[in-house]
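Student: Read top to bottom, the protein sequences are chains A and B. The C-terminal position of the first sequence is numbered 278 in this note's numbering, with every residue numbered one higher than the one before it. The C-terminal position of the second sequence is numbered 278 in this note's numbering, with every residue numbered one higher than the one before it.
Read the hints as simulated data drawn from the structure, not as lab findings. Keep in mind that the hints are not guaranteed to be accurate.
As the list makes no split between identical chains, a pair holds if one copy fits it or if it spans any two.
In silico lysine-lysine, DSBU-like type, Cα no more than 30 Å apart, as pairs [claimed, not checked]:
1. K76 with K254
2. K259 with K164
3. K164 with K76
4. K248 with K76
5. K254 with K16
6. K248 with K16
7. K(-13) with K16
8. K259 with K248
9. K76 with K16
10. K16 with K164
11. K76 with K259
12. K78 with K(-13)
2 protein chains.
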Amino acid sequence: MKTSLECFPCFIHQTLNALDMLNAEPQVREKVVREVLRYASQIDLLLPPPATGRVIHTLIQRECQTTDPYREAKERFNRLALSLYPDLVRKVKNSPYPLETAVRLAIAGNIIDFGIHTRLTMSQVHQSIQDALESPLDPAGFRLLDQAAQEADQILYLGDNAGEIVFDRLLIETLPREKITFVVKGSPIINDALREDAEFIGLTDRVPVIDNGANAPGTILELCSEEFVRRFQQADLIIAKGQGNFETLSDVPKRIFFLLKAKCPVVAKHIGCKINSMLLLDSSFLKGEKNCL
Amino acid sequence: MKTSLECFPCFIHQTLNALDMLNAEPQVREKVVREVLRYASQIDLLLPPPATGRVIHTLIQRECQTTDPYREAKERFNRLALSLYPDLVRKVKNSPYPLETAVRLAIAGNIIDFGIHTRLTMSQVHQSIQDALESPLDPAGFRLLDQAAQEADQILYLGDNAGEIVFDRLLIETLPREKITFVVKGSPIINDALREDAEFIGLTDRVPVIDNGANAPGTILELCSEEFVRRFQQADLIIAKGQGNFETLSDVPKRIFFLLKAKCPVVAKHIGCKINSMLLLDSSFLKGEKNCL
Chain A
-14 MKTSLECFPC
-4 FIHQTLNALD
6 MLNAEPQVRE
16 KVVREVLRYA
26 SQIDLLLPPP
36 ATGRVIHTLI
46 QRECQTTDPY
56 REAKERFNRL
66 ALSLYPDLVR
76 KVKNSPYPLE
86 TAVRLAIAGN
96 IIDFGIHTRL
106 TMSQVHQSIQ
116 DALESPLDPA
126 GFRLLDQAAQ
136 EADQILYLGD
146 NAGEIVFDRL
156 LIETLPREKI
166 TFVVKGSPII
176 NDALREDAEF
186 IGLTDRVPVI
196 DNGANAPGTI
206 LELCSEEFVR
216 RFQQADLIIA
226 KGQGNFETLS
236 DVPKRIFFLL
246 KAKCPVVAKH
256 IGCKINSMLL
266 LDSSFLKGEK
276 NCL
Chain B
-14 MKTSLECFPC
-4 FIHQTLNALD
6 MLNAEPQVRE
16 KVVREVLRYA
26 SQIDLLLPPP
36 ATGRVIHTLI
46 QRECQTTDPY
56 REAKERFNRL
66 ALSLYPDLVR
76 KVKNSPYPLE
86 TAVRLAIAGN
96 IIDFGIHTRL
106 TMSQVHQSIQ
116 DALESPLDPA
126 GFRLLDQAAQ
136 EADQILYLGD
146 NAGEIVFDRL
156 LIETLPREKI
166 TFVVKGSPII
176 NDALREDAEF
186 IGLTDRVPVI
196 DNGANAPGTI
206 LELCSEEFVR
216 RFQQADLIIA
226 KGQGNFETLS
236 DVPKRIFFLL
246 KAKCPVVAKH
256 IGCKINSMLL
266 LDSSFLKGEK
276 NCL
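Chain A extracted, bound-state conformation (with noise of 0.2 Å):
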């Protein structure tokens, strides 16, 4: 998906969103959103949203002279997400068609993401739960999605967000995990999961966690490390989480489920939905039908 003109202002606003919870000092945020601006206003448009967030979290953390802003923050919903979890694998047992409860689950987690929400309230997770498990479904998404698991010989999931990973845990253990390996961020960016909180909400105990070797909120293969690239052409099935996911595979030729909330005004008019939705995409259909929640 390319940059729309429109991701400007919001660019902007996700600089000054960051400054403001690291407290960076005025000048510090001056000198941050000068530099911003000049960035923006040179970059190339075919290459997608994420693209440009990279660039503006790295000069971020350069300047604030920090390494990872959004850690404290990561564990606090890695923590409420784990709390959440109990209650999260009681309503994918007691479901009728479990798998379908966890991918709604595991959409639902992706309201997670201090991209978009700084701040995020334990109250909007729980309203994003009950949202994604009352909206109406198209059931021919999770079945598409069960068969294709049921096929595939290994199956890449790419994680999203801290927190969100506890959704996608319960997830991963509804589908035949054996084949799963769960892939993080190679270092750190807004609050998207490292190796750590993968190990910290027990993932490394289901499935392998490898990570992507790069710092994109989203998957730019080109920045990612030989050997993700090599496991990603070898996986015959990829589970990819979350709008920057979305917005950085969306025209890879590659068989992908794509799981997320569409977040944005620009990303929810790329897709053709409300903003908000919460969306279950097979990339088979992308250039036709899609498949929405």
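Given the coordinates of chain A, assemble chain B onto it according to the supplied hints.
Tutor: What follows is chain B alone, placed relative to chain A:
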């Protein structure tokens, strides 16, 4: 009032809105947005936000090869406001304190601001009128303005937008109008009123109308004509309409009554009121107490 870093996303939004309204070609849109980003990266934050608004809209006019992109919109709102005029006159005449009602209506008219509302509807204008008439009020402000107007020898009334000036005419007819000179902008900027608008709505028949020689969406004295600056300095009372005039004149040591709606979060935060508040601010009290409707 200085430029805040929070103004930057809005500068880009305003640019995109203006380009949308002009149905600009994609390559023109991209060129303008890139130029605005580059320009914004270098601006002096000590300047008021309308200084940047002026540059942005001048750039858009140049790149879209149009000198007055809002001409049609201005004429439409002049006509619409004129159609309301007889009813507004009745409201003022039937009021126990006509000046108060006329001030409230003049503030209501400030909603016709295409820098903020590019898709304004008549129902929003009606709602603004209703809100202005019903807002709880501090009567002190009206009495202070009334007294200042009685005592003044020369009153300069700085207009804001086309359409809105019909509401200004109403207030002018309630004040000692023989003392008043009305001021329009020197050349087109957004939907700010020009001499032709003042003529069209019959204001030139009521009071002398001069222009300020500039094309900023506010009053930046350094950019105005010598003649206007002389008149500004001579006047013993200034009535300044709208956010742009507040942003550009709030630090000028002069008795000014600002009548505006605080339509953006940065201005509202600066003043210390809720967004969309209707305000009558006496500059004498600006550093201390505020007189908000």
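Student: Evaluate each hint against the coordinates.
Tutor: Hint by hint, here is what the structure shows:
In this homomeric assembly, K76 and K254 never come within 30 Å of each other (Cα to Cα): the closest approach is 32 Å inside a single copy and 45 Å across copies. Within a single copy, K259 and K164 get their C-alpha atoms no closer than 34 Å, and across copies no closer than 55 Å, so neither meets the 30 Å cut-off. For the identical chains of this complex, K164 and K76 are intra-copy neighbours only, at 24 Å inside a copy versus 75 Å across copies, given an alpha-carbon limit of 30 Å. For a Cα distance limit of 30 Å, the shortest separation of K248 from K76 inside one copy, 25 Å, qualifies, whereas the shortest one across copies, 46 Å, does not.
For the identical chains of this complex, K254 and K16 are inter-copy neighbours only, at 23 Å across copies versus 33 Å inside a copy, given an alpha-carbon limit of 30 Å. Proximity of K248 to K16 under the C-alpha cut-off of 30 Å is found in both arrangements, the shortest distances being 28 Å within a copy and 27 Å between copies. Both within a single protomer and between protomers do K(-13) and K16 lie at most 30 Å apart by alpha-carbon distance, with minima of 27 Å and 17 Å respectively. Proximity of K259 and K248 under a CA criterion of 30 Å is satisfied in both settings, with 9 Å inside one chain copy and 27 Å between copies.
Taking CA atoms no more than 30 Å apart as the test, K76 paired with K16 passes in neither setting, with 48 Å inside one copy and 52 Å between copies. With identical chains, the CA atoms of K16 and K164 are never at most 30 Å apart, being 47 Å at best within one copy and 48 Å at best between copies. Within a single copy, K76 and K259 get their C-alpha atoms as close as 27 Å, which meets the 30 Å cut-off; across copies the closest is 43 Å, which misses it. Within a single copy, K78 and K(-13) get their C-alpha atoms no closer than 40 Å, and across copies no closer than 58 Å, so neither meets the 30 Å cut-off.
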